[in-house]
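Listed below, chain by chain, are the residues.
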Amino acid sequence: MNASPAFRARRLLAGAILLASLAVGLARAQLTIDITTTGGRQVPIAVMPLAGDTSQPQSVGDVVGADLARTGLFKLVNTGGVTPLPTEPSEVNFADWTTRNAEALVIGKIEPASDGRVEVRFRLFDVAKQSQLASYSYVVASAQLRATAHRIADVIYERLTGDKGVFSTKITYVVKHGRRYELQVADADGFNAQSVLASNEPIMSPSWSPDGSRLAYVSFDQKKPIVVVQNLAQGTTKVVANYRGNNSAPAWSPDSRYLAVALSKDGLTQVYRVPAGGGDAERLTDSPGIDTQPAYSPDGQWIAFTSDRGGSPQVYRMPASGGAPTRLTFEGTYNVGPRYSPDGKSIAFVQRDSGRYRIASLEIATGQVSVLTDGNLDDSPTYAPNGKMILYEAQVGGRGQLAAVSGDGRVRQRLTSGAGDVQDPAWGPMPTN
Amino acid sequence: MGTDAHQLSGTFDPGVISQRDIISIRNKETVMKKLALYVLVALAAAACASNEKKETPAAVTDLSSGAQQPQSGMSSSTTQQQKPMGSVSGNPLTDPNSPLSKRSVYFDFDSNAVKDEYRGLVQAHSRYMTTDKRDSRIRIEGNCDERGSREYNLALGQRRAEAVKQVMTVLGVGTGRIETTSYGEEKPVASGHDESAWSQNRRADIKYSGE
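In order, the protein sequence lines correspond to chains B and R.
Going by our numbering, the first residue of the first sequence is number 1, and it counts up by one from there.
Going by our numbering, the first residue of the second sequence is number 1001, and it counts up by one from there.
Hints were generated in silico from the structure; no laboratory data involved.
C-beta atoms are modelled at their ideal positions from N, C-alpha and C, and glycine is treated no differently.
If the Cβ cut is set under 7 Å, some of the chain B residues that face chain R in the computed set are: (1) Pro202; (2) Gly245; (3) Ser248.
Required output: the full structure, derived from the provided sequences and hints.
Now the structure itself:
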C-alpha cells in the first residue's frame, strides 16, 4: 500500500518476467494418474511396439497404449510373443489377433530420416474385417517422439470413437509447496510439467486463452488479487486488471478480445469485462450482492456467472455484453463456479449438499442436474476440449489433488503429485496445427 | 461459506454493551473482561494508548457461539517484542499493550456480521484514524475457511472486509481511506481441516499503509 499503483505494476512486471517463461525448467514432481472405470464396454485394442523404437523412458507404443487406456474406453490386449514385429499389412496374422480377442490393432515402425530426424509410421486395423482404418507417417525430431505418440493416440481415438482425442492438449494448475506457489503447465497425461510462474504469494484461477498461447491468472504479488496475462512462449506478462479492491476470476471471450473478470472496485464483487490487451473495465452486472466467476459460452453469446442476488449463490447467465440475467440453478442453496461444456449445451459447477461440495453438471435445455463426483471438497471443474472429461480439484487427506470424471460419471481419474497441494486446474484448448 | 448471511451488519452503538450481549454472557469473569475491554478501548482512544493497563483485551470470548472462537489478538501479539511497562513512546500500532495492535476481526461460519466482541477493536482503529493519524490509510483483508469454491470465497472475504469498513465509516473514517480486499481461502493462519482451524481463518485483518 505504500507504493503508487504504477510503481507497483512495474515492479510486479519485472518480477514476473524473471520468474516466467517455459524455460524455468522441469517441475519437481510429475503427476501420476490412476483410473477407475465402472461399467460400460471397453474396446480391446492391441498396440504393438513400433519396430526400431528406442524411446526412453517410455516407448511410443507404451505412450499410445497408456493414452487410450486412461480414457476408460479401451482395454489393452497382451502383445507378447509376436516376432518379428509386423510393420506392413501383409505381415499381420489376423487369426492370431482374433484368438487374442483384439478388435483393433496398431503396428508401426520408426526409421532414421535423411536429415537426422526420424520417420514414425503407424497403421490401425479392424481385426474382424482385416481392414486398415488409418495409416499415418510423421517426420519429427527425436525429442518430439512423445508428442508424436500423443498425436497417434488422437488419430486412433477419433477413428474408433468418433470424438476428437485430447492427448496432445495441455493442462495448467497451481502447486503449493509450503508457502511456495507454482503455476505449472503439463501435458494432459501429467508429463513434462513445467513451472511458468513461482511466487511466495498465492496464485489463483488460471485461464487459457482460446489459442493456448497465453494464461490469465490471479496474482497476489502486490498483497492483493490482481489479474495478469502471461504469454507462455515469451514469458512476458501484462497486468490487465489492478483496480481498487479485488481483481479476479478471469475468463477469456472465445474471440480473445475480452477477459470477463470479477472486480470489487465499486463495492461488493461484480462482473466486468476488460480488453485482453489492457484497457478500461466495463461493468456487466449490477446487483446488491456478489456476482463473480464469469464464464463465456463457446459461441460468445452468453456469460454464465455466480450470483447471490436471490439470497443464496446460484448460477445465472446473461448476454455477453451485459443485460438481464436468467437464473439457471434452483436445487439447493449453493451452486457456484459455472463452466460451459465445449458444445455449449451443459454447464459444470460446484454444488453444496449437506456440507459436501461436489461437481455437478446442468443440461441447459432441460434444466436436468447430474452430480458427477463424490468428494467432500471438490472445486474448479474444467472441461476437456472434446467435452468428454471434466478435470477438477479434490481434497484428499487434507491435500489438494486433481481428479477427472467423464461426463457420464463412469470413468474417474485421480492425478496425484509427489508433494504439495495441487489445485485450480484448467484444461487447455485443442492444439493449433 | 456465507451463502445465507449476506446482509451487512448495519447497526453499531460504540458506547453500549447491548442487552443481547449480557444475556449471552454466562460467566461473570467474562463480563468483567468485556467491561474492561470497553473501558480500555475508551481510555486508549482518549490517551493514545498509554500503558497503564495490564490486561489486554484479547481474552474476550463470546460464549454464545457454539464454536470456539480464537482470541482476537492472536495474530499480532505473538511476534511483537514486549516493551517495558510504562513506556509512552513507540508505535501504538505495534505495542502489544495497545488495542491498536489487535488487527483481526473473526466471523461465524456463513456470516459477515461484525460481532459485538470485536467492535471495541474496530472502534479503537476508527478513533486512531479520525483523531491521531488523520492521514493514515488502511487495507482490510478478508479471509474465509477452506470450504467452498475458491473464487466465491474470495468475494465472500471481500464482503467481510466491507462489513468492517462499514462500521468504520459510520464512525467517521472516510471511505477513500479504506481499501477492502481479500485472500479468500488462500492464506489460512491455521492449516487444519476442522472447526478450530476454520474459526481462526474466518477473519478480516486491518493493515495500515506503510506497514
